[in-house]
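Engineer: For reference, the chains in residue letters:
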Amino acid sequence: MSQPYFDDIDVGDEIEGAWTAQRAQVLEYIALEPGGPADDTQGRFTDPVRAKKLGFERPIVPGALSMSVLTRLVTDWMGPAGNLESIDINFRRPVLQEDALRSLGLVIDTEPAEDGGRVRIDVYFENDRGERPLQGVAVVRLPARAGS
Amino acid sequence: MSDEPLFEYDENVIGVEHNVGTLEVTAERLTRYCEVVGETNPRYVEEGQAPPSFLQRMRFAPGPDPRVRFGNVTFHAGSRLEMLAPVHVGDTLTGYAQAKEVYAKTGRSGTMVFTVRRLTYRNQDGEDVAYSDQTTVHRQVGE
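Protein chains in written order, with the numbering used here: chain D, 1 to 148; chain B, 1001 to 1143.
Hint data in this document are derived by calculation from the structure and do not stem from the laboratory.
Glycine included, C-beta positions come from ideal geometry on N, C-alpha and C.
Mixed in with the good hints, there may be bad ones.
[Claimed, not checked] Covered by chain D, according to a simulated footprint, are these stretches of chain B (three or more residues, beta-carbon under 8 Å): (1) 1030-1042; (2) 1053-1062.
[Stated by the list, open to error] Chain D stretches covered by chain B per the calculated footprint, using a threshold of three residues with CB under 8 Å from any CB of chain B: (3) 8-17; (4) 45-57; (5) 63-74.
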């Protein structure tokens, strides 16, 4: 894993990833903490028939899992010496299972600080229907290059 | 007379913090979480630090409910996580939940009522290590 440094980051820099929300991953995620935040009392994550009755073409992905994967776009990029300070996500549309998603980040602001600086990044998922089901902003602290 | 739709909720619970339980960050839980979500950062997969989103997967008891009475549909609209200090394997976190605010907004698609709930994660040394804010929307769909 490479390490980005604050000195090398510019507004407009992009981060890109991809994710297909597979049913098996959704089931494993729900099983992490039965009865926890992604528990499926309505069947919308696990039951195609009940999901359809709720108005979804296919079962959907728990918002917490989608947010975890979008957060990972940033934490994969920031390297072992970066720190995620905050992430703020709006759930604009449901993510359907088996949707192929592009995960994208765009640096919108940089602010020098002691030993490096803060980077604000617009982050979102885009599906193949051109929708952005999740969208938000992450703030990451990156180190300065040694000697800079 | 205003034609603004009315909504009701229990104002007494706003801003009142409740202890919703204590959980330990175990290596087993953390490893399994990283596998399922596909974490790659060595900080999380090798050094025992919890990824930020791991905290939102911890199962605490439900917090106070302002019991908003409005509309016929409720959905999860937003999530904000603020990390104040790193969390590691062996840390014990106590959750303190509160209903932070309830407010209405009216736009082109009608009135929506928002509820913001906050969970504060406090470690074994009494230090707040993270805040998680969850926003829920209540709205009227159809007649």
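Engineer: Run every hint past the structure and note whether it holds.
Structural biologist: For each hint, the structure was consulted:
Counting residues of the stretch 1030-1042 of chain B whose beta carbon lies closer than 8 Å to any beta carbon of chain D gives 9, which reaches the threshold of three, so the coverage claim holds. Figure legend: the stretch 1053-1062 of chain B, annotated as covered by chain D; annotation consistent (5 residues with Cβ-Cβ distances under 8 Å, at least 3 required). Proximity of the stretch 8-17 of chain D to chain B, defined as three or more residues with a beta carbon under 8 Å from a beta carbon of that chain, is not established by the 0 residues found. Given as covered by chain B, the stretch 45-57 of chain D fails the check, having 0 residues with a CB less than 8 Å from a CB of that chain where 3 are the minimum.
Chain B is given as covering the stretch 63-74 of chain D, and this holds because 8 residues of the stretch bring a CB closer than 8 Å to a CB of that chain, at least three being needed.
Violated hints, listed in ascending order, are 3, 4; each of the other numbered hints is respected by the structure.
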